[in-house]
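**Q** For chain A, the structure is supplied; the task is to place chains B and C on it using the hints.
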Amino acid sequence: MAHVQIRNVSKIYADGTPAVTGLDLDIAAGEFLCVLGPSGCGKSSTLRMLAGLEEVSTGQILVDGDDVVGRPARERDIAMVFENYALYPHLDVFANIAMPLVARRRPKAEIRDRVGRIAGTMGITEHLAKRPGKLSGGQRQRVSLARAMIRRPKMFLMDEPLGHLEEYMRIELRREIRALHEAAGGTTFYITHDQEEAAAVSDRIAVMSSGELQQLGTMKELIERPANRFVAEFVGEPPISIFEELRATGTEVSIGDWRLPLPPGSRKARPASAGVRPAHFRIAGSDMPGLSAEARLVQPMGESAAVLCDTPAGDATVIVPMAAVPREGDRFRLVAAPEHVHFFAASGRAIRSGED
Amino acid sequence: MTRRTSAAPRGALTGILLAGSILAGSAASAEGPLEGRSIRILGIGDPVFQVMQKIHGQMEEMGGGSIQLDVRPFDVLHQQVLLNAQNDVSNYDIIAVDLPQFGEYMPYLTDFGPMIEASGYDGSDFHEVAWTGAQFGGRQLGIPLQPHPEILAYRKDVFEEYGLEPPTTHEALLHAAQVISEKSDDMSGVCWNAARGTALGQTFITVMGDFGAAPIDMEKQGDDFEMGDIKPENMHPTIDTEAGKATADYLLAMEEVSPPGILNMAWDERVRVYANGGCAMTYIWAGRSAIFEQDDQSPAKGNTAYLPHPSGPGAPPRSTLGGWYLAIPANIDPERKELAWEAIQWLSSPEMIELYTQHGNCVSPRRSVSQLENVQAACPVIPAVDRMAEAGELAGWQRPPVPEIQKIVDVLGAEMHQMLSGDKSAEDALESSQRLLDREMRKAGYY
Amino acid sequence: MSRNREAKRAAIVLVSPAMLLLFALNIFPVLYAVYISLHHWSLASPNPPRFAGLFNYQELWYDGRFSNSLGVSATFIALAVLIELALGFGLAFLFNRKLRGLETLRKLSLLPVMAMPLVVGLVWFYMLNQNFGVTNWVLSLFGIGAQPFLTDGTLAMLSVVLADVWQWTPFVMLVIFAALQSLPEYVFEAARMDGLTEREIFRRITLPLLRPAILVVLVIRAIDAFRMIELVFMMTKGGPGGSTEVLPWYIYTTGFLSLDLGYAAAMAVVMIVLVTLGAQVFVRKIADPGAA
Chain A
1 MAHVQIRNVS
11 KIYADGTPAV
21 TGLDLDIAAG
31 EFLCVLGPSG
41 CGKSSTLRML
51 AGLEEVSTGQ
61 ILVDGDDVVG
71 RPARERDIAM
81 VFENYALYPH
91 LDVFANIAMP
101 LVARRRPKAE
111 IRDRVGRIAG
121 TMGITEHLAK
131 RPGKLSGGQR
141 QRVSLARAMI
151 RRPKMFLMDE
161 PLGHLEEYMR
171 IELRREIRAL
181 HEAAGGTTFY
191 ITHDQEEAAA
201 VSDRIAVMSS
211 GELQQLGTMK
221 ELIERPANRF
231 VAEFVGEPPI
241 SIFEELRATG
251 TEVSIGDWRL
261 PLPPGSRKAR
271 PASAGVRPAH
281 FRIAGSDMPG
291 LSAEARLVQP
301 MGESAAVLCD
311 TPAGDATVIV
321 PMAAVPREGD
331 RFRLVAAPEH
341 VHFFAASGRA
351 IRSGED
Chain B
357 MTRRTSAAPR
367 GALTGILLAG
377 SILAGSAASA
387 EGPLEGRSIR
397 ILGIGDPVFQ
407 VMQKIHGQME
417 EMGGGSIQLD
427 VRPFDVLHQQ
437 VLLNAQNDVS
447 NYDIIAVDLP
457 QFGEYMPYLT
467 DFGPMIEASG
477 YDGSDFHEVA
487 WTGAQFGGRQ
497 LGIPLQPHPE
507 ILAYRKDVFE
517 EYGLEPPTTH
527 EALLHAAQVI
537 SEKSDDMSGV
547 CWNAARGTAL
557 GQTFITVMGD
567 FGAAPIDMEK
577 QGDDFEMGDI
587 KPENMHPTID
597 TEAGKATADY
607 LLAMEEVSPP
617 GILNMAWDER
627 VRVYANGGCA
637 MTYIWAGRSA
647 IFEQDDQSPA
657 KGNTAYLPHP
667 SGPGAPPRST
677 LGGWYLAIPA
687 NIDPERKELA
697 WEAIQWLSSP
707 EMIELYTQHG
717 NCVSPRRSVS
727 QLENVQAACP
737 VIPAVDRMAE
747 AGELAGWQRP
757 PVPEIQKIVD
767 VLGAEMHQML
777 SGDKSAEDAL
787 ESSQRLLDRE
797 MRKAGYY
Chain C
804 MSRNREAKRA
814 AIVLVSPAML
824 LLFALNIFPV
834 LYAVYISLHH
844 WSLASPNPPR
854 FAGLFNYQEL
864 WYDGRFSNSL
874 GVSATFIALA
884 VLIELALGFG
894 LAFLFNRKLR
904 GLETLRKLSL
914 LPVMAMPLVV
924 GLVWFYMLNQ
934 NFGVTNWVLS
944 LFGIGAQPFL
954 TDGTLAMLSV
964 VLADVWQWTP
974 FVMLVIFAAL
984 QSLPEYVFEA
994 ARMDGLTERE
1004 IFRRITLPLL
1014 RPAILVVLVI
1024 RAIDAFRMIE
1034 LVFMMTKGGP
1044 GGSTEVLPWY
1054 IYTTGFLSLD
1064 LGYAAAMAVV
1074 MIVLVTLGAQ
1084 VFVRKIADPG
1094 AA
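Top to bottom, those sequences are chains A, B and C.
Going letter by letter, the first sequence gives residues 1 to 356 in the numbering used here.
Going letter by letter, the second sequence gives residues 357 to 803 in the numbering used here.
Going letter by letter, the third sequence gives residues 804 to 1095 in the numbering used here.
One chain only, chain A, in its complex shape (with noise of 0.2 Å):
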């Protein structure tokens, strides 16, 4: 279990293209933190420069203040899991496995034991003399996950470990995860481009995008105080409505019909956007205060539904029950309370109370 430091960590690759720009992250000791991102945003990149298998450009990474940068991964005493899995094809189960503690030389017998107890743990005692090549992709992850339990290391890095398996065995094998990273108390950091995957395993998420981290915090968090325009439309399902003509008029700004009062923030920064979660969105009646809307096309998702709305401002998505659900072609009112309107500057960024 140790304290990770990334300390203004770039990464740009030998063709000049940056990958990682000024990256600061810290990771307490026995936190799981996933990284959430599209693919390119640098995640994959600092996982790497992470384990050691890529060099740092510039800056530091402290484990328990120590600076490994340079380091080889093996002296870093950190275990990781691949998307791709990555078992050894010719060796059977036991000795992918093992493989840890045999690099650590350990006695034949610790090894046996172990491996047999993380084999019951992992539900995979009845593969240990096959090949890889013979096993289900969830039992080869099983294997691969096994193969990082095996020790105590430092750190787990998982790199979008549930990538190529299919739906159901993510969602059991996230579960597992969670409760192993429980179980071993070591220090884990994940990447994954699903957040629903990243809000059931982690303690924390870091957004990424172009390099740069864009927030860090709880799932909570980034849903109702995103930092900036990205995050708030990377996160959320389905996601966040946003608005792009306001019109700010002295102290009150409208979004198509609806007029708000202009959030404390935006006296330094105009707000040049809005958004508004389809889950804090409330149909009310043509009479009430709000945006005018017409439902155009209702998605049921189970016990609600999504109503896909044209506004006099734009498309606008609004959760519903089902049995509250309009019919396409109904005309209403969306309302939110003001706390839940996000603004955003230009740049992007968001304006938030407080920041005056």
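Hints are supplied without guarantee of correctness; some may be wrong.
List time: in silico BS3-like cross-link candidates among lysine-lysine, alpha-carbon distance up to 30 Å [as the list claims (entries may be wrong)]:
no. : chain 1 : residue 1 : chain 2 : residue 2
1   : A       : 134       : C       : 1088
2   : C       : 1088      : A       : 130
3   : C       : 1088      : A       : 108
Bear in mind the hints are in silico, worked out from the structure with no lab data behind them.
As the structure is a prediction and not an experimental result, all values here were calculated from the model.
**A** Chains B and C alone, transformed into the frame defined by chain A:
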């Protein structure tokens, strides 16, 4: 590759002249003997056919027809002749036959006798030993094209410098070679074929001939052997004999005064090393002397004298005659037989033989050609060979014309190489050669 | 039922041309060689072939030249293939580095493979020749005396091996290089994360993963080396003594020079049997990666 037997006898012509008269038929038509027809020849990659390739255009013009000349390495030619013999109709009008191969090819060749008689052809311009070498059981199976002997070439100037006698005997050769090896920094005594296999095997039997002995038990006829009628009881090998032992000892003695790498030396290399001044003597198929006699850069040019194969104690000098004859396959399309005969008369005519000598083939089987000044200038070896022929110093029995000749050569080429490499004593090598060949003859059913 | 039978008949009709071809091209020649080997069959002899039973095979048993050639072949194969494998392996790893200029060098290094073995033999014959070879001249520049490269038993074998190594190492390099390139990068990353040192990675991961490629190249080269005849033909003719007489060269001199087809065929049959048995062992290892 392979130019294994490079032998081609080119003999010297024996008799005296009567030049002229011979080739009546061919020289006749101004259009050329081929008269617009096409002739198919299967040849060997030896100097005479290489010359034909070189002057192919000129020859087609002279012949007045097209000449399809397929030149093959020795082994391939051998196989092709035998395979062609299995065809209903031969694919070739004319084939090249090496002197010792007549025994093997006998059943597959056409007798020239009736054609010679019908056209009044006169073979007396050819050296007698060359002409009669292709006679078997009263049949003339080939017309000499490039019969020549394996003889000895030596550097007159070097021998003079050290005051040495011409190496006419084994003893004289070894003595001279020793003196030269000791006194000269970069010149060795003698170059010869000691490479494993056919090269050394042939050396063994030609040297055995220097002792007046043949590798099988043939009938003695004066100093020579009866070759026209070899019977099964003549097939006993005679390797493990006094002559064989003397031969082995001579080879071992020569090895001491040979250039480095002698154990890998064969036909091409020995002439090249001699031509470059690497050795003072070399055994050589006479026709190949063109390599230095026609090379202005070579120190051997003009400084070379030629002797018959040096002889062993008490034996007369005998140089092995070999080399190429033209023959007509027995299965030739009868309608092409006359054309083939016309073409052979032309290809072996004095004019053509003379032409070959001017392009690097120092062989003249015709006395009339050997007398020509330009021929003697280009090929000093020709008059020397002529003299040997007239003195009766050329013979073919060293390589008896029997089907097993190659087996004999192969066994000797392997066994004697072990001896020269020091893996086996002379006695052992002789004994096992004798045993292997004896087994071979029994297997073939001779006795 | 009848449809089934029809399908079967169609299958037979469709497959039979391929089977016939296989028979004509692969099996018939071997059977024919066996047939010849059971006869006294000399192309040089005017007598027709006659049945000899196992005579030719019995002869093999007593033929010192035959057993010598087997030993020489084994030595040649072992030396040539092991050296080629070692060098090819090293070169493959060298070329696997992404250094500037290596790409061109790698392409150039393939030139020997494209040369005709006969030409290679001729070139080496001239280079190592003691009378006009360049090798001894170069040695003399360093004050080393002329070496009997082709006429000393041990040196001649090494010279033939050298020519073969010169020609075929690039091929081995290419196969192993291709195999190296196709190894998944992530496996090596996993190994590094698992704490293996570079040397352990090589021994525990790289080598076993290259095993199929190594076995394949081993089989190809071993069979090829067993058949090698051109270098011996051009360079030594099997000498000195019999120290470089490989089996194919003995077969060649027996069958094509002495034209004793029956005996040559018997040797060829033995050779086919040996190659087939040897290859089986390896092919089985390749097919069953189980035994790691």
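**Q** It remains to establish, for every hint, whether it holds in the given structure.
**A** Outcome of the hint check:
1. A:134 with C:1088: 19 Å, holds
2. C:1088 with A:130: 18 Å, holds
3. C:1088 with A:108: Between residue 1088 of chain C and residue 108 of chain A the Cα gap is close to 28 Å, so the pair holds against 30 Å.
The structure fails none of the hints (numbered hints given earlier).
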